[in-house]
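Colleague: Under the UniProt record's numbering, think of the first position of the sequence shown as 1, with each following residue one higher.
No lab work stands behind these hints: they were computed from the structure.
Source: prediction; values computed, not measured.
Hints should not be assumed to be uniformly reliable.
What follows is a set of in silico ranges between Cβ atoms, one per label pair, in the way DEER data are often shown [as the list claims (entries may be wrong)]:
| no. | residue 1 | residue 2 | range |
| --- | --- | --- | --- |
| 1 | E282 | Y205 | 26 to 34 Å |
| 2 | G23 | A100 | 34 to 42 Å |
| 3 | Y197 | R248 | 40 to 48 Å |
| 4 | D188 | D110 | 53 to 61 Å |
| 5 | E261 | G194 | 46 to 54 Å |
Here are the simulated SDA-like cross-link-like pairs (lysine to any residue), alpha carbons at most 25 Å apart as the crow flies [said to hold, decoys possible]:
| no. | residue 1 | residue 2 |
| --- | --- | --- |
| 6 | K287 | T201 |
| 7 | K287 | G266 |
| 8 | K119 | K213 |
| 9 | K287 | P143 |
| 10 | K119 | G286 |
| 11 | K206 | Y230 |
| 12 | K213 | G203 |
| 13 | K119 | D269 |
| 14 | K119 | V102 |
| 15 | K119 | E219 |
| 16 | K119 | A254 |
| 17 | K213 | D232 |
| 18 | K213 | V184 |
| 19 | K206 | D228 |
| 20 | K119 | Y222 |
| 21 | K206 | D232 |
| 22 | K213 | Y197 |
| 23 | K119 | D229 |
| 24 | K119 | E138 |
| 25 | K119 | G142 |
| 26 | K213 | T201 |
| 27 | K119 | D228 |
| 28 | K287 | Y70 |
| 29 | K206 | Y222 |
| 30 | K206 | E219 |
| 31 | K206 | E240 |
Quick reminder that beta carbons are idealized off the backbone N, C-alpha and C, glycines included.
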Amino acid sequence: MSGGQGRLRALGRGVVALVCVIGIVALAWLLLVRYPQDLTTLLGVVLVVSLLPLAVRAGGSVASAVLPGYNVAEVAVEGPITRSTSSSLVSSPTGADADAIVEQIERADDGAAEALLVKLNTPGGEIVPSEDIRLAAERFDGPTVAYATDVCASGGYDIASGCDELWARRGSIVGSIGVIGSRVNVSDLAEELGVSYEQFTAGEYKDAGLPLKDLSEDEREYLQGIVDDYYDDFVDTVAEGRDMDPQRVRETEARIYLGGEANDIGLVDEIGTREDVEARLEQHLGKPVSVREFTPSLGLRDRIGGGAASIAYAFGAGVASVFDDADGFDFRL
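Using the sequences and the accompanying hints, generate a full structural model.
Modeller: This is the structure:
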């Protein structure tokens, strides 16, 4: 949006807000001051003054509804994708709260946004939360463009597959279309410490993956089968969303690629800067764009944890391992 257009829009919103304020104050004055003749007059004056902040807020809300200052909503997915960002410094690092991001996309869809820009800087994360964000992007009523900044791997690429286009920088890390199932095995350490494991379970595979016992061959096949099923679903999702042959997706072997190579093999649609992405959005909408950010609010704790986890996730074949699952086995994109 040009500077002149922005100033005119801001002036228009100001005029609408002022009219709303004047209208509310005038109505309050008529009802509470003009007609009462005694002590009520004094009370009316007090009430009018107390209503001024409410009038200002109401005027601003009406102005935003009548003359919104944006037509593109930007939602950021930054850091490992989880169901919730609440954690401590010693717990598993978290970053992108899927529920919050889905809510932001839905709020943007209900507002003035005519297009959605999904900024991706994530190494991936939990499977279902990643899928929830992708489905929310797919439901958005308008063009959706994903833009990979530093990292768009695994669960991040799953989300990108739900958008109409994926842009990246030449130095972006893209791909890692794979799944990891992980567990810690401390059975030898437990034996050295004199710790024994006794099983009290109902169901043959209930304790499969617990770190205090070795896996049997049947348990290994069982857990590997779950990983394979997740991988098949991931491949199908990417193939459908990116209009690629499933075999081509499998041939990436969960590798990561720099943006230029990812573009060459069809994992990315275009290489460009943020300005290039906004220019494409202008083509989609047929008019200048103004972007409003709907970004998650991350505290210092989450930023520290997310930065450390990004390094571990990005250079693995799928995702980094986190061992806090109740059954000792963790699945992630």
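Colleague: Please go over all the hints and tell whether each is borne out by the structure.
Modeller: Status of the hints after comparison with the structure:
{"no.": "1", "hint": "E282 x Y205: 26 to 34 Å", "in the structure": "violated (54 Å)"}
{"no.": "2", "hint": "G23 x A100: 34 to 42 Å", "in the structure": "holds (36 Å)"}
{"no.": "3", "hint": "Y197 x R248: 40 to 48 Å", "in the structure": "holds (45 Å)"}
{"no.": "4", "hint": "D188 x D110: 53 to 61 Å", "in the structure": "holds (55 Å)"}
{"no.": "5", "hint": "E261 x G194: 46 to 54 Å", "in the structure": "holds (53 Å)"}
{"no.": "6", "hint": "K287 x T201", "in the structure": "violated (63 Å)"}
{"no.": "7", "hint": "K287 x G266", "in the structure": "violated (29 Å)"}
{"no.": "8", "hint": "K119 x K213", "in the structure": "violated (42 Å)"}
{"no.": "9", "hint": "K287 x P143", "in the structure": "holds (14 Å)"}
{"no.": "10", "hint": "K119 x G286", "in the structure": "holds (22 Å)"}
{"no.": "11", "hint": "K206 x Y230", "in the structure": "holds (19 Å)"}
{"no.": "12", "hint": "K213 x G203", "in the structure": "holds (16 Å)"}
{"no.": "13", "hint": "K119 x D269", "in the structure": "holds (15 Å)"}
{"no.": "14", "hint": "K119 x V102", "in the structure": "holds (14 Å)"}
{"no.": "15", "hint": "K119 x E219", "in the structure": "violated (39 Å)"}
{"no.": "16", "hint": "K119 x A254", "in the structure": "holds (22 Å)"}
{"no.": "17", "hint": "K213 x D232", "in the structure": "violated (29 Å)"}
{"no.": "18", "hint": "K213 x V184", "in the structure": "holds (10 Å)"}
{"no.": "19", "hint": "K206 x D228", "in the structure": "holds (19 Å)"}
{"no.": "20", "hint": "K119 x Y222", "in the structure": "violated (37 Å)"}
{"no.": "21", "hint": "K206 x D232", "in the structure": "holds (24 Å)"}
{"no.": "22", "hint": "K213 x Y197", "in the structure": "holds (7 Å)"}
{"no.": "23", "hint": "K119 x D229", "in the structure": "violated (29 Å)"}
{"no.": "24", "hint": "K119 x E138", "in the structure": "holds (15 Å)"}
{"no.": "25", "hint": "K119 x G142", "in the structure": "holds (16 Å)"}
{"no.": "26", "hint": "K213 x T201", "in the structure": "holds (14 Å)"}
{"no.": "27", "hint": "K119 x D228", "in the structure": "violated (29 Å)"}
{"no.": "28", "hint": "K287 x Y70", "in the structure": "holds (12 Å)"}
{"no.": "29", "hint": "K206 x Y222", "in the structure": "holds (11 Å)"}
{"no.": "30", "hint": "K206 x E219", "in the structure": "holds (10 Å)"}
{"no.": "31", "hint": "K206 x E240", "in the structure": "violated (34 Å)"}
Going down the numbered hints, you'll see the structure goes against 1, 6, 7, 8, 15, 17, 20, 23, 27 and 31, while the others check out.
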